[in-house]
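Chemist: Add chains B, C and D to chain A, keeping to what the hints say.
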Amino acid sequence: MNPLYKYTLKIADDSLIFGQRLSELCGKGPYLEEDIALTNIALDYLGQATNFYKYAAKLEGENKTEDDLAYLRKEKEYLNAQLAEYPNGDYAQIILKVYFYSVYLKFLYENLMQSSDEQLAALAEKSIKEVRYHYTHSSTWLKVFAQGNEESKNRVAEALENVWEYTGGLFDEVEGEADLEKLDLIPSSKKLHQDWKSQIEKDFATFGIEIPTSDFMQKGSRKGIHTEYFGYILCELQYMQRAYPGCTW
Amino acid sequence: MNPLYKYTLKIADDSLIFGQRLSELCGKGPYLEEDIALTNIALDYLGQATNFYKYAAKLEGENKTEDDLAYLRKEKEYLNAQLAEYPNGDYAQIILKVYFYSVYLKFLYENLMQSSDEQLAALAEKSIKEVRYHYTHSSTWLKVFAQGNEESKNRVAEALENVWEYTGGLFDEVEGEADLEKLDLIPSSKKLHQDWKSQIEKDFATFGIEIPTSDFMQKGSRKGIHTEYFGYILCELQYMQRAYPGCTW
Amino acid sequence: MDHDKFLEYVQAENKVEPKDVMPEDYRKLLVRQISQHAHSEIVGMLPEANWISRAPSLRRKMALLAKIQDEAGHGLYLYSASETLNNGENGADRDSTYQAMLEGKAKYSSIFNYAALSWADIGAIGWLVDGAAIMNQVMLMGNSYGPYSRAMVKICKEESFHQRQGYEILMTLCRGTKEQKDMAQDALNRFWWPALMMFGPNDADSPNSKKSMDYRVKRESNDDLRQRFIDVTVSQAEFLGLKMPDENLVWNEERQHYDFGDLPWDEFMEVLKGNGPCNKKRLKTKIDAQKEHSWVKEAAIAFAEKQEELVNA
Amino acid sequence: MDHDKFLEYVQAENKVEPKDVMPEDYRKLLVRQISQHAHSEIVGMLPEANWISRAPSLRRKMALLAKIQDEAGHGLYLYSASETLNNGENGADRDSTYQAMLEGKAKYSSIFNYAALSWADIGAIGWLVDGAAIMNQVMLMGNSYGPYSRAMVKICKEESFHQRQGYEILMTLCRGTKEQKDMAQDALNRFWWPALMMFGPNDADSPNSKKSMDYRVKRESNDDLRQRFIDVTVSQAEFLGLKMPDENLVWNEERQHYDFGDLPWDEFMEVLKGNGPCNKKRLKTKIDAQKEHSWVKEAAIAFAEKQEELVNA
Numbered sequence: 001m002n003p004l005y006k007y008t009l010k011i012a013d014d015s016l017i018f019g020q021r022l023s024e025l026c027g028k029g030p031y032l033e034e035d036i037a038l039t040n041i042a043l044d045y046l047g048q049a050t051n052f053y054k055y056a057a058k059l060e061g062e063n064k065t066e067d068d069l070a071y072l073r074k075e076k077e078y079l080n081a082q083l084a085e086y087p088n089g090d091y092a093q094i095i096l097k098v099y100f101y102s103v104y105l106k107f108l109y110e111n112l113m114q115s116s117d118e119q120l121a122a123l124a125e126k127s128i129k130e131v132r133y134h135y136t137h138s139s140t141w142l143k144v145f146a147q148g149n150e151e152s153k154n155r156v157a158e159a160l161e162n163v164w165e166y167t168g169g170l171f172d173e174v175e176g177e178a179d180l181e182k183l184d185l186i187p188s189s190k191k192l193h194q195d196w197k198s199q200i201e202k203d204f205a206t207f208g209i210e211i212p213t214s215d216f217m218q219k220g221s222r223k224g225i226h227t228e229y230f231g232y233i234l235c236e237l238q239y240m241q242r243a244y245p246g247c248t249w
Numbered sequence: 001m002n003p004l005y006k007y008t009l010k011i012a013d014d015s016l017i018f019g020q021r022l023s024e025l026c027g028k029g030p031y032l033e034e035d036i037a038l039t040n041i042a043l044d045y046l047g048q049a050t051n052f053y054k055y056a057a058k059l060e061g062e063n064k065t066e067d068d069l070a071y072l073r074k075e076k077e078y079l080n081a082q083l084a085e086y087p088n089g090d091y092a093q094i095i096l097k098v099y100f101y102s103v104y105l106k107f108l109y110e111n112l113m114q115s116s117d118e119q120l121a122a123l124a125e126k127s128i129k130e131v132r133y134h135y136t137h138s139s140t141w142l143k144v145f146a147q148g149n150e151e152s153k154n155r156v157a158e159a160l161e162n163v164w165e166y167t168g169g170l171f172d173e174v175e176g177e178a179d180l181e182k183l184d185l186i187p188s189s190k191k192l193h194q195d196w197k198s199q200i201e202k203d204f205a206t207f208g209i210e211i212p213t214s215d216f217m218q219k220g221s222r223k224g225i226h227t228e229y230f231g232y233i234l235c236e237l238q239y240m241q242r243a244y245p246g247c248t249w
Numbered sequence: 001m002d003h004d005k006f007l008e009y010v011q012a013e014n015k016v017e018p019k020d021v022m023p024e025d026y027r028k029l030l031v032r033q034i035s036q037h038a039h040s041e042i043v044g045m046l047p048e049a050n051w052i053s054r055a056p057s058l059r060r061k062m063a064l065l066a067k068i069q070d071e072a073g074h075g076l077y078l079y080s081a082s083e084t085l086n087n088g089e090n091g092a093d094r095d096s097t098y099q100a101m102l103e104g105k106a107k108y109s110s111i112f113n114y115a116a117l118s119w120a121d122i123g124a125i126g127w128l129v130d131g132a133a134i135m136n137q138v139m140l141m142g143n144s145y146g147p148y149s150r151a152m153v154k155i156c157k158e159e160s161f162h163q164r165q166g167y168e169i170l171m172t173l174c175r176g177t178k179e180q181k182d183m184a185q186d187a188l189n190r191f192w193w194p195a196l197m198m199f200g201p202n203d204a205d206s207p208n209s210k211k212s213m214d215y216r217v218k219r220e221s222n223d224d225l226r227q228r229f230i231d232v233t234v235s236q237a238e239f240l241g242l243k244m245p246d247e248n249l250v251w252n253e254e255r256q257h258y259d260f261g262d263l264p265w266d267e268f269m270e271v272l273k274g275n276g277p278c279n280k281k282r283l284k285t286k287i288d289a290q291k292e293h294s295w296v297k298e299a300a301i302a303f304a305e306k307q308e309e310l311v312n313a
Numbered sequence: 001m002d003h004d005k006f007l008e009y010v011q012a013e014n015k016v017e018p019k020d021v022m023p024e025d026y027r028k029l030l031v032r033q034i035s036q037h038a039h040s041e042i043v044g045m046l047p048e049a050n051w052i053s054r055a056p057s058l059r060r061k062m063a064l065l066a067k068i069q070d071e072a073g074h075g076l077y078l079y080s081a082s083e084t085l086n087n088g089e090n091g092a093d094r095d096s097t098y099q100a101m102l103e104g105k106a107k108y109s110s111i112f113n114y115a116a117l118s119w120a121d122i123g124a125i126g127w128l129v130d131g132a133a134i135m136n137q138v139m140l141m142g143n144s145y146g147p148y149s150r151a152m153v154k155i156c157k158e159e160s161f162h163q164r165q166g167y168e169i170l171m172t173l174c175r176g177t178k179e180q181k182d183m184a185q186d187a188l189n190r191f192w193w194p195a196l197m198m199f200g201p202n203d204a205d206s207p208n209s210k211k212s213m214d215y216r217v218k219r220e221s222n223d224d225l226r227q228r229f230i231d232v233t234v235s236q237a238e239f240l241g242l243k244m245p246d247e248n249l250v251w252n253e254e255r256q257h258y259d260f261g262d263l264p265w266d267e268f269m270e271v272l273k274g275n276g277p278c279n280k281k282r283l284k285t286k287i288d289a290q291k292e293h294s295w296v297k298e299a300a301i302a303f304a305e306k307q308e309e310l311v312n313a
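Protein chains in written order, with the UniProt record's numbering: chain A, 1 to 249; chain B, 1 to 249; chain C, 1 to 313; chain D, 1 to 313.
Isolated chain A, as found in the complex (with noise of 0.2 Å):
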């Protein structure tokens, strides 16, 4: 299997199932603004992930398009990383999840923008003024919880005790990164996971959140192994395509 075939399919998958989860909360956010800031998340991840399916697919060569990639996949084929199925919970967990996975994004692109893959280059291109503005909006709602009131610090700690042990995921690697990193290709996860460190640092003591001292962090994501959860998002995510086979939508 194409490697880089495989690391196009990451990214697209965190994409969608990231935007799959955030667009639940669509008509039921805490202010109609938000509500329509979270749906324009949700539609730029969904919108991303459109763009690297269709690579993915023109990278396999077999004709399949950004829907067979999306839709009709087995769980254990799916590389996203945990962090993306792992349920919304309340808002400061909403806000804590896109924080992360943008600190991430925001790196991940500015890197890819150098990649010696053209398309791939373009593609981060693309992507990374959308990521930034994420980054910008979950920040500042991060900020404004870790120091609102008791409450919302409460929620905050919570969510990060939920949500920590699945950050490590996102920087997981598929098969042949090793190879495709010598070649330029993509840049290096480990790099990638000392940069978003750093930033997190950085941001959570300006915002006063305390960095969870446990190392510990779930194994599986990358590698088609999923959460439980997981198996709920593709019954719905699939529905009419498993049960309406071959039809044009």
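Do not rely on the hints blindly, as some may be mistaken.
Have a look at the derived ranges for each label pair, beta carbon to beta carbon [what the hints assert, rightly or not]:
1) B:Thr65 x C:Leu272: 53 to 63 Å
2) B:Asn2 x D:Asp288: 40 to 50 Å
3) D:Lys280 x C:Lys154: 43 to 53 Å
4) B:Lys76 x C:Met269: 19 to 29 Å
5) C:Gly261 x B:Glu175: 14 to 24 Å
6) B:Pro212 x C:Asp266: 13 to 23 Å
7) C:Val232 x D:Lys280: 52 to 62 Å
8) B:Lys202 x C:Asp266: 28 to 38 Å
9) D:Gly146 x B:Pro212: 46 to 56 Å
Just so you know, these hints were derived from the structure itself, not from any lab. Beta carbons are placed, not taken as given, at the ideal position from N, Cα and C, and that holds for glycine.
Modeler: Relative to chain A, chains B, C and D alone:
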């Protein structure tokens, strides 16, 4: 379409969907004993569904299995009452739903035992004991809640407010019931409704629950019109059969 | 204030602006109508949101999300338009009108109390519900209150786009398999009459209309708008190859309009009273969302207060 | 009490009954072990419950529900057995032992902190997890405490049935399509090592075992049980046509046992510490269920009190 087929299907669909809903509670009940009791009821429902599906498949005569009928129809082909698909809610609502359904099934089966169709009569006979136990279990708890403390009384009242308008759908008819009734194959749904109402009135008087005054009832049961909740039930119920078509499990 | 002069003013097609003097009943009428319109946009997000997670392709999923987002945006414009009418006593602000809706004291369009049961319903909502809304909104572009009229111009553009999108969803289904086409037909069957009832009661049963017309808030009668909608929509259905669920629907050469059957007003009245398929569900969803997130607002206020203290320190 | 006499008594294969005099550390050992066993049954319901709504046929759905129900029943027997050891001070009653588990002070078997990710996992859990449990439970049938020993007899019967059911699920998959067989292989790969670790640390690292053995609570060492489980299971895997995920697994003619690779003890220790795939999820599910339903108990108590008042009036 054979009206007896549709009628048998409506019985089976109720049991399947009630069973599916109730089994969501498994492992999460209020006591271990209740977890066991409610799982038992769910199991009885699924067993009855299986038996009635088998008979329905025979009536249809297209060599289908009970699983084909349970798993491979489209949303609008399911003829269950909307009450079955209504969410569990809290334990008061779960108990109330089981109670309403048990009273219905008790009268239905007692009448079907007299059916001129031997198979239907036999299936009803086979199921009646189970349903009597469900009635005892649910009415006991309903009384406890109705006469317990303020909170439990309020919960019963709220559950009733949610669920009452879906009770009428139990007695909605599939096409051709009038003809089946003339042949003494099935009891009159109107008569069942009266019997049901009398029993509820009697019990509620004992328990001290007020019957809602509104006689508005939701429409669409038995006609393939569902609540918005139903689609999600099918997503999970059918996922494996849809994602792996034609497999044996 | 001279009431006749005001009438003359608006009937000469002049726009009333927020700071202008206006009759109290004009102000009230507008606050009620604009905020009801806003609530409809907000509650109207829910039936469609029911299909986001199950939308059958990436393109459709994104279009649906974007559409719902537009509706939230329309809600915002409209709440703002309503707020321009706040004179300190009539509760035209967003929070109090929204609260009134949650408490069942203010209405939103009854159409959103119907269930979105299939993917085709998403098409039918776009085609018929947005279609009916547009008929109304195009008329409202000419209404006498400036901010409302301008909000309508903005909204109408996006709504037409939504309507085309909905129609295109159905077109795809109607060119698909038999099952897909049946799905489209079912959706039409279920949404046709409710869509027609969006125009409100027959003129004979609509006593409030006259004042609205005089004030140039409303410009056309319910029945006229309904007729125009039917006339436009029948050929669209034909083009899809779908059958209208009205046996009495027939072209009347003399009137140069379609004749059509009686509307199921009993059902309409029931739904209006709260007895529709989803009235409780819609309100509960919005009430639960408000409860669940109430801490967010509190945290934001606490944060803002601390910032202010820092600045003032 | 004469400690040596008690040892002599149990080592002569006599059963201790609830009212018998027994050493405090024997009592404590049993309460800890039996209640931990009970918690395992109760928490063990959850990974399987994750597949009820998605079970792929009616027959499988019912068998799965019935199995989980049996586990709840086992939990009940075991809590009752534990309660017979209550001497008024050691908290052997169901509520306090359960509460200790919810608070993380008492353990349940770590195996239930693994995720049930596919339908094949339901098969693997039955075959391997119940299989390993049976090895242990058959041994425990001979344990010196009467009520525990009798509970084990009951439980073992049902567990063997569950194990056969699990094996049969995998058999069906292995005779099915390539995708189904792969699903079975994946499940075996994920559950094999965790199942082996169910027998506990290697004997060399298991200092508590001696006391258990002396008291005839435990009758065989961890390593012996593990070896027996491996010896039995390898041929079952072969019959399925599945490959054991252990390159070092090989028949040792001299020992008349299979040799096998090192177990991933680091992972075991992590999961034990709380860092497994589902530790938080399992506890949260049970804690949430307790919170959500706390009113039920209160209502039942209020009802019972009223009934009593009526009787006494």
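Chemist: So, for every hint listed, does it hold in this structure?
Modeler: Here's how the hints hold up against the structure:
1. Remark: the range hint 53 to 63 Å for threonine 65 (chain B) to leucine 272 (chain C) is contradicted by a beta-carbon distance near 46 Å.
2. Here the CB-CB span from asparagine 2 (chain B) to aspartate 288 (chain D) is close to 46 Å, well matched to the stated 40 to 50 Å.
3. The hinted window of 43 to 53 Å between lysine 280 (chain D) and lysine 154 (chain C) holds, with their beta carbons roughly 47 Å apart.
4. The hinted range of 19 to 29 Å is satisfied by lysine 76 (chain B) and methionine 269 (chain C), whose Cβ atoms lie roughly 27 Å apart.
5. Judged by the Cβ atoms, the range 14 to 24 Å given for glycine 261 (chain C) and glutamate 175 (chain B) holds: they are separated by roughly 23 Å.
6. Roughly 20 Å separates the CB atoms of proline 212 (chain B) and aspartate 266 (chain C), a value that falls within the hinted 13 to 23 Å.
7. Taking 52 to 62 Å as the suggested C-beta distance range, the pair valine 232 (chain C) and lysine 280 (chain D) conforms, at roughly 57 Å.
8. At about 32 Å, the beta-carbon gap between lysine 202 (chain B) and aspartate 266 (chain C) stays in the expected band of 28 to 38 Å.
9. As the Cβ distance of glycine 146 (chain D) to proline 212 (chain B) is approximately 55 Å, the hint placing it in 46 to 56 Å holds.
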